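**Q** Given chain Z, work out where chain L should sit, using these hints.
Protein sequence lines correspond, in order, to chains Z and L.
Under numbering that gives the first Met the number 0, think of the first position of the first sequence as 0, with each following residue one higher.
Under numbering that gives the first Met the number 0, think of the first position of the second sequence as 0, with each following residue one higher.
Hints may be right or wrong, so weigh each one.
Copies of the same chain look alike in the list, so a pair counts if it works inside one copy or between any two.
Capping the alpha-carbon separation at 30 Å, the derived lysine-lysine pairs in DSBU-like fashion look like this [unchecked claim]:
#1 K321 with K72
#2 K315 with K72
#3 K145 with K360
#4 K421 with K389
#5 K360 with K282
#6 K105 with K378
#7 K105 with K80
#8 K360 with K102
#9 K65 with K374
#10 K282 with K378
#11 K102 with K374
I should point out that these hints are in silico values taken from the structure, not numbers from a laboratory.
Here the structure is a predicted model, which means the values were calculated and not measured.
2 protein chains.
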Amino acid sequence: MVFSINNFFDRKNKKSIIADFQDLEHLDGISISAVSAGLYEKKRDDLVLFYFRDGANYASVFTQSKIISENIKWNQKIDSKKLTALLVNTRNANALTGSNGFKSLKELSLDLSKNLSDKQMMDEDCPKKISPNEIMFACTGTIGEKFPVDKIKKSIPDLIQKIKYTQNKLIWMKAALGIMTTDTKPKLSMSECKIGSTKVKIYGIAKGSGMIFPNMATTLGFLFTDAKLPSSVLKQILKKNIETTFNAISCDGDTSTNDMVTIFSTNKANNPIIKKPKDTKLKKFNDSVHEVLLNLAKSVTADGEGASKFITINCKNCRTLKEAKKISFSIANSLLVKTAFAGEDPNWGRIAMAIGKSSAKVNINKLSILIGPFKVLIKGNLSENYDEIKVSDYMKNDSINLTIDLGLGDKKFTAYTTDLTKKYVEINADYRT
Amino acid sequence: MVFSINNFFDRKNKKSIIADFQDLEHLDGISISAVSAGLYEKKRDDLVLFYFRDGANYASVFTQSKIISENIKWNQKIDSKKLTALLVNTRNANALTGSNGFKSLKELSLDLSKNLSDKQMMDEDCPKKISPNEIMFACTGTIGEKFPVDKIKKSIPDLIQKIKYTQNKLIWMKAALGIMTTDTKPKLSMSECKIGSTKVKIYGIAKGSGMIFPNMATTLGFLFTDAKLPSSVLKQILKKNIETTFNAISCDGDTSTNDMVTIFSTNKANNPIIKKPKDTKLKKFNDSVHEVLLNLAKSVTADGEGASKFITINCKNCRTLKEAKKISFSIANSLLVKTAFAGEDPNWGRIAMAIGKSSAKVNINKLSILIGPFKVLIKGNLSENYDEIKVSDYMKNDSINLTIDLGLGDKKFTAYTTDLTKKYVEINADYRT
Numbered sequence: 000m001v002f003s004i005n006n007f008f009d010r011k012n013k014k015s016i017i018a019d020f021q022d023l024e025h026l027d028g029i030s031i032s033a034v035s036a037g038l039y040e041k042k043r044d045d046l047v048l049f050y051f052r053d054g055a056n057y058a059s060v061f062t063q064s065k066i067i068s069e070n071i072k073w074n075q076k077i078d079s080k081k082l083t084a085l086l087v088n089t090r091n092a093n094a095l096t097g098s099n100g101f102k103s104l105k106e107l108s109l110d111l112s113k114n115l116s117d118k119q120m121m122d123e124d125c126p127k128k129i130s131p132n133e134i135m136f137a138c139t140g141t142i143g144e145k146f147p148v149d150k151i152k153k154s155i156p157d158l159i160q161k162i163k164y165t166q167n168k169l170i171w172m173k174a175a176l177g178i179m180t181t182d183t184k185p186k187l188s189m190s191e192c193k194i195g196s197t198k199v200k201i202y203g204i205a206k207g208s209g210m211i212f213p214n215m216a217t218t219l220g221f222l223f224t225d226a227k228l229p230s231s232v233l234k235q236i237l238k239k240n241i242e243t244t245f246n247a248i249s250c251d252g253d254t255s256t257n258d259m260v261t262i263f264s265t266n267k268a269n270n271p272i273i274k275k276p277k278d279t280k281l282k283k284f285n286d287s288v289h290e291v292l293l294n295l296a297k298s299v300t301a302d303g304e305g306a307s308k309f310i311t312i313n314c315k316n317c318r319t320l321k322e323a324k325k326i327s328f329s330i331a332n333s334l335l336v337k338t339a340f341a342g343e344d345p346n347w348g349r350i351a352m353a354i355g356k357s358s359a360k361v362n363i364n365k366l367s368i369l370i371g372p373f374k375v376l377i378k379g380n381l382s383e384n385y386d387e388i389k390v391s392d393y394m395k396n397d398s399i400n401l402t403i404d405l406g407l408g409d410k411k412f413t414a415y416t417t418d419l420t421k422k423y424v425e426i427n428a429d430y431r432t
Numbered sequence: 000m001v002f003s004i005n006n007f008f009d010r011k012n013k014k015s016i017i018a019d020f021q022d023l024e025h026l027d028g029i030s031i032s033a034v035s036a037g038l039y040e041k042k043r044d045d046l047v048l049f050y051f052r053d054g055a056n057y058a059s060v061f062t063q064s065k066i067i068s069e070n071i072k073w074n075q076k077i078d079s080k081k082l083t084a085l086l087v088n089t090r091n092a093n094a095l096t097g098s099n100g101f102k103s104l105k106e107l108s109l110d111l112s113k114n115l116s117d118k119q120m121m122d123e124d125c126p127k128k129i130s131p132n133e134i135m136f137a138c139t140g141t142i143g144e145k146f147p148v149d150k151i152k153k154s155i156p157d158l159i160q161k162i163k164y165t166q167n168k169l170i171w172m173k174a175a176l177g178i179m180t181t182d183t184k185p186k187l188s189m190s191e192c193k194i195g196s197t198k199v200k201i202y203g204i205a206k207g208s209g210m211i212f213p214n215m216a217t218t219l220g221f222l223f224t225d226a227k228l229p230s231s232v233l234k235q236i237l238k239k240n241i242e243t244t245f246n247a248i249s250c251d252g253d254t255s256t257n258d259m260v261t262i263f264s265t266n267k268a269n270n271p272i273i274k275k276p277k278d279t280k281l282k283k284f285n286d287s288v289h290e291v292l293l294n295l296a297k298s299v300t301a302d303g304e305g306a307s308k309f310i311t312i313n314c315k316n317c318r319t320l321k322e323a324k325k326i327s328f329s330i331a332n333s334l335l336v337k338t339a340f341a342g343e344d345p346n347w348g349r350i351a352m353a354i355g356k357s358s359a360k361v362n363i364n365k366l367s368i369l370i371g372p373f374k375v376l377i378k379g380n381l382s383e384n385y386d387e388i389k390v391s392d393y394m395k396n397d398s399i400n401l402t403i404d405l406g407l408g409d410k411k412f413t414a415y416t417t418d419l420t421k422k423y424v425e426i427n428a429d430y431r432t
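So that you can see chain Z by itself, here it is in the shape it has in the complex:
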C-alpha cells in the first residue's frame, strides 16, 4: 500500500523516473467534475468541483503567511457545520486583488450554491437549500492579477452538468491534473483501514512543486474519507499529522499566500461513533491519514523544478522538537548543502555549517553525522573509517538519507527536500518572460 518515493528517483534500479501514483476509485458521498473555464491560453481543465451531496464534515490548515489570498480569507470565515462543495481554480491566485477579489468569491458562492440547490431539487428525494457559506474555495496561480470571475461563473452550468455520482480512477486523475499549475506530475494517494470492524477509505490529491514553483509555489492538498467522523476529530488528526508531513517538506523556505490542506469526511461509512480524537479505535485511521499526507507531501517535494535528488534529513537526539526542526530545516534550506547534493559531493562541512547556523544548541563533542549508512563525523571527530570514495559513490543515488545525531536529548524530526540544480534557476528566472 505504501507509495514509495524512491519510484521517482530510481536510476540505480533502472526504473523510470516517472511518478507512480495510486488509482483512486469510488468513494461514497463525493462527486467530482472538471472543466476548462478558459483561464489558460491553451485549453486545459482549470476548474475542479468537489461536490458533497449530503454535506461533509471538514477541517483545514492554512498558510502561515502574513499576506493571504482572498480565498483563504473567505475560507477562514466559513462557519457552516458542513460543507457542500470545494471549488478549485488554477491560473489565478486571487491574492493581492483587494476587495474585488473577495467580492468575486461572494458572487461565485451565490451562483454555485444556487445552481447546486437547483440540481438537488431535480435529483434528490429530500432536496435541501445550499447556503453560500457551505462553499470552500482553493485558488492557485499568478498573484496580483484581476480574478477572472466572469469566466469562472460562465463555466458553472457546464461544471454542474458534468457531475457524476459514481467516481472512478479517470475522474480522480482528471481532478488531480485539473488542479495542477506547473507541476510535472499529478499527485494521488490512498489508504484503506478499519475503524472498529468497518473498512474506510482515505483518498488524497495534491498540487505543488516543492513549494517553489513560479506561480508562488502554492501547495494544495485535499483528503477525502467516507468515515463517519465529526469535524472536531478531523481537525485534531489533521493538525497532528500535518506537522510531520506537509510541514516537514521544504525546497527553498518560501511560503505561499494560498497554501491550504483540507480533509473532508462524507460520513457514508458505518463505523462506530467516534467523539474524541484520542479514541483508540482511530489508531489505524490516524496512521492511514499520515501515510496519505506523507505520500502527497513527498510527491510535492519530489516535483520541485529541476530536482534530481530526494533528500531525507533525520535529526535525532535533540534537546527539543523545536531545535530538531530548526536544524533539519537549516540543512534543508541551505543553498550550499543543496548545491553540494546536486554535485554529488559529500561536502559534510556544509552540513556542519548549516547545523551551526540554525541557532539550536550544539555540543560539537557530541555531534555525529551520517551520510546514508556511512559515519562521517563521530562525536566531533572525523570517522577513522571515513572513505570519501564510498560516500561519493553513495551520493550518486537519487534518494539520499542524512542522519544528524545531536547527542543532547531524545527529540527527533525528519525533513524532506531536494537538491538545487541549474535547471531550478533556469525555470524560475525565465518564468513569465
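**A** This is chain L only, laid out in the frame that chain Z set:
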C-alpha cells in the same frame, strides 16, 4: 572618496564590470608580509602577517554560528590588552579539526611570538618580549581537514624576513590577494578624516563572496587605523557599524564557522585623547569606519558567484528595527525573488510573498512596493500608473533598488544582496569535483 558599488555592475554606462578598488598607502605602526606556505597545489600567497611593532588596540566581532572554528575559539580567549600580530591563512579553515586544531594554533603562536621577539631584539631600541597571547589568527578554507601546521610553521622565518616597515599600495594589494579563497576580486577600501584637528586614516581589506563561496563562504574583514583610540571605543564603534554593513549583506543566508571582522588601531596619530565612544570628536571617524565597512561589505556581496545584479532592499516605516530586518532579509534570501531578478522579471508577487512569510506584522492596506522609482503597489492596490514595460526595462540595470513601505511606524533597514543565477549553482555544485 566613496567607492561606488555601481562600478561593479555598470553595463548601461558601458563601464567595465571589474572591481574598482582603492589604493592604500603607508599607515604608521603596521607592517605586512605575505608568502606562499604551499597550502594550495598551485603556488600562490596563502599566508599573510600583519605585524604591529608597538602593539595595537583592537576589537572584533565573530560569527554567530554555534559551530565555530578553532581559531575563533583561540581569538575569543585572548585577553592581552594589545595585539602584536594577526596571522591569516587560507585553504584550511581549522574548523571541526578537534583538539589538534587548537593545539596547532598554540604551537604557531609560540613559534611566531618567539620569532617576532627575536626580530625586535635585532631591530628595536626598546625590544619587548612578545607573548603568544598577543597573536590573533584568521583561517579560511575547507573545514574538517587536518590543519597544515607544519607547512605554516616552516614559512614563519620567510614571513618575518619579508616584513618591511614602510607599506605601499603593492603590499596592501598582495595582502588583499593573499587572504582570498575563491573571491574573484581583491577588496580594499579606505577613508580619511579628522579627530579634532588631526588627520587619521582608516584602511580596510576583506575577503568573501556574498557569504556563499564553496569553502564555507567565510567572510573576513580587517580594518586598520593610525588613530589613537582605546579598545573599548573601537569595540563600540565596530559593534554599532557592523549592523548596517557586514550584518546587512546576505546572499543565501548561510553563515560560516570562521567569520570575523577586526579593527586595529596603531595609536600613531596625535589625535586628542578619546575615552568615550560618544565623544562628539569621533563623529567623522565613526562615519569613515562606516564607509569603509560598507564598501567592503558591498564588495563581498557583489562578488557572489555568478551574481549579475546588485540589489539594495530599503525597508521603511516599520514598527520595529527587528521587523524591518526580518522583512529585508526575507526578501534578500528568497530564491523566488532572487531568480526573478536574474530573469529581469518584475515579479512583484514574489516580493509580496517574501514580505508575507517574514513573520513581521503586515497590514496589506498600508503596504507599498517600489521597484526603482516605479510605484508598483500603493497601500495594497496595484498602482494605476503601473507600466510593466517600463519596470521591465528598469530590471535590466545591474544595480536595482527595492523600496518596501510598511506604513506602520518609523523604523527602517537596508539590506544588500545579489540575484541567483545558473552560474551560482554550477560553481557550488562542481566545487571539489
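**Q** At most 30 Å between CA atoms: does that hold for K102 and K374 within a copy, between copies, both, or neither?
**A** between (58 Å within a copy, 25 Å between copies)
**Q** Between K105 and K378, at a C-alpha cutoff of 30 Å, which is it: within one copy, between copies, both, or neither?
**A** Cα proximity of K105 and K378: across copies only (23 Å, versus 59 Å in one copy).
**Q** Can you tell me if K145 and K360 fall within 30 Å by alpha carbon in one copy, between copies, both or neither?
**A** Only across copies: K145 and K360 sit 25 Å apart there, 47 Å inside one copy, limit 30 Å.
**Q** Regarding K315 and K72, is the shortest C-alpha distance of 30 Å or less found within a copy, between copies, in both, or in neither?
**A** between (37 Å within a copy, 27 Å between copies)
**Q** Reference check for the pair K360 and K102, CA-CA at most 30 Å: within, between, both, or neither?
**A** between (49 Å within a copy, 25 Å between copies)
**Q** Given a CA cutoff of 30 Å, do K65 and K374 count as a within-copy pair, a between-copy pair, both, or neither?
**A** between (41 Å within a copy, 22 Å between copies)
**Q** Using 30 Å as the alpha carbon limit, work out where K321 and K72 are close: within a copy, between copies, both or neither.
**A** both (29 Å within a copy, 27 Å between copies)
**Q** Regarding K282 and K378, is the shortest C-alpha distance of 30 Å or less found within a copy, between copies, in both, or in neither?
**A** Answer is neither; intra-copy 37 Å and inter-copy 49 Å both fail.
**Q** How would you label the pair K105, K80 (within, between, both, or neither) given a Cα cut-off of 30 Å?
**A** This pair counts as within: shortest intra-copy Cα distance 19 Å, inter-copy 71 Å.
**Q** Between K360 and K282, at a C-alpha cutoff of 30 Å, which is it: within one copy, between copies, both, or neither?
**A** Result: close neither inside a copy nor across copies, 34 Å intra and 39 Å inter.
**Q** For the identical chains here, do K421 and K389 meet the 30 Å Cα criterion within one copy, between copies, both, or neither?
**A** both (26 Å within a copy, 29 Å between copies)
Hints 5 and 10 from the list above are not met by this structure, while the remaining hints are.
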